[in-house]
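The listed protein sequences correspond, in order, to chains A and B. Numbering-wise, the first sequence is residues 835 to 1112 according to the working numbering. Numbering-wise, the second sequence is residues 835 to 1112 according to the working numbering.
Certain hints may be false.
[Unchecked claim] Pairs of lysine-lysine, DSS-like flavour, derived with a Cα cap of 30 angstroms:
#: 1; chain 1: A; residue 1: K1015; chain 2: B; residue 2: K869
#: 2; chain 1: B; residue 1: K1015; chain 2: B; residue 2: K869
#: 3; chain 1: A; residue 1: K1015; chain 2: B; residue 2: K913
Hints are computed from structural coordinates only; laboratory data are not their basis.
Number of protein chains: 2
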Amino acid sequence: MAMDNLKQFVFALSAAASLGFVCIIFVLTWVLHFKEGLAWDGGLAEFNWHPVLIVTGFIFLQGIAIIVYRLPWTWKCSKLMMKFIHAGLNLLAFIFAAISLVAVFDFHNAAKIPNMYSLHSWLGLAVVILYSLQLVLGLGVYLIPITPVSVRAAFMPLHVYSGLFIFTSAIATALMGITEKLIFGLKDPKYKDSPPEATFVNVLGVLIVVFGALILWIATRTSWKRPNDQAFHSLHTNGGGEANTKVGPALSQLSEGLEAEAGGDVRRRSNKSDDQVD
Amino acid sequence: MAMDNLKQFVFALSAAASLGFVCIIFVLTWVLHFKEGLAWDGGLAEFNWHPVLIVTGFIFLQGIAIIVYRLPWTWKCSKLMMKFIHAGLNLLAFIFAAISLVAVFDFHNAAKIPNMYSLHSWLGLAVVILYSLQLVLGLGVYLIPITPVSVRAAFMPLHVYSGLFIFTSAIATALMGITEKLIFGLKDPKYKDSPPEATFVNVLGVLIVVFGALILWIATRTSWKRPNDQAFHSLHTNGGGEANTKVGPALSQLSEGLEAEAGGDVRRRSNKSDDQVD
């Protein structure tokens, strides 16, 4: 990564990480200072685990899991180790989300509030189901050694797209959840009277959106991607360039698969680029 | 575009267009059948223009504007004409959004409901302001002939990212709006009692999300992008390939700018690809 590019990356990463921490502090302040605190008693303090676990797990941890391959300091680590970290963070985020659902269902059942009536609950459940599917397919395709490279390559665009789509949907669902909770939770003064809690949690919503925007920016910059191990290795042993001509037939075949997958040949043939201007 | 690829594109496009129309029918059915209809009287029938104009303009038209360069049937049209269509659709979507805001403020003022207290209103106003900024910058950079190619190239990644971010945020904000309206608008039975209107509008929310997902899928497939005019021309006169070597110095220079912009050289040097697997 060139120095200019690295500076921009470090700036975006620091901003995302700081914002993520601020979001966690905000959601904790919300439930501990403005609301009933945290407990596992079937009451409102149990419900409060729902926003806390969603923000810390399903938004912050999932966001970090998405960009973990982008950290240049990890490019000398083996790809397999990075895959375990990526999968591990996502598994942790999934566990947080699952417990946060139990908290809500417990609370609803104890308070005799119906489950699954709102658009928030429909989309939320759909996102968690898609996330579990993404986890299982991701493990099966990229961590089980017998899966052929051709399958891994063919599945990659869908894996990347689904990952970003699920992350974005999780944030959209959280914003709907904040809206619901502020309407139902604020009685006198009401949400529309803008008490301090309303303004504070609106700010949390805005911070979550900016955190999501930064993660999506980092994840979609082509020049910030981890280089192929093969190219990276070549860069550090042969002084860069012409990696393909210096590897054996097996690696070369693999590389062709990757190139075809990434639309590299299509782009070269028709002169397409990521972002065209004229 | 290869035949297989074209079939997949036509399928995705048909699905997106049909879903978009179904969303418009759903939002019209909501306000005309379940609610007070449409009028400009300061009452609830004026409020109803808000969801109608947002879904038809700020979601459907904006979505179509985003993918208008992807239609292979337009690749023989001049890029300038396509730019006018892209800008025109976005301008129309902006006008729809602006009128939809007037409808809400009118309704709030007549009913003595405070404005701008909810997270929905904060994010909604931010999205409309960002959208107007994107429109003005887009016109200035890509439609005013004097803007240098280097500026156009440098601004393109931001233009593309902002466009997709604003579209996604518009959808997230609409989902929050649906949540608010179902809670405030349903009194007896309430939202939590799942009357037909609640289920119907929840389905509208899900359809909007799927429409958004399809637009984002179409917009981010590299192989579905409009070829550079230069490459397309070469493909149809010289039988394809080697476009760069057959053009004069001016075009060649332009092409270099584009390649550098798109990270083409970086990718070639370090063997990075859009989606890496190993």
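Going through the hints against the structure:
no. : hint             : verdict
1   : A/K1015 / B/K869 : holds (25 angstroms)
2   : B/K1015 / B/K869 : holds (11 angstroms)
3   : A/K1015 / B/K913 : violated (48 angstroms)
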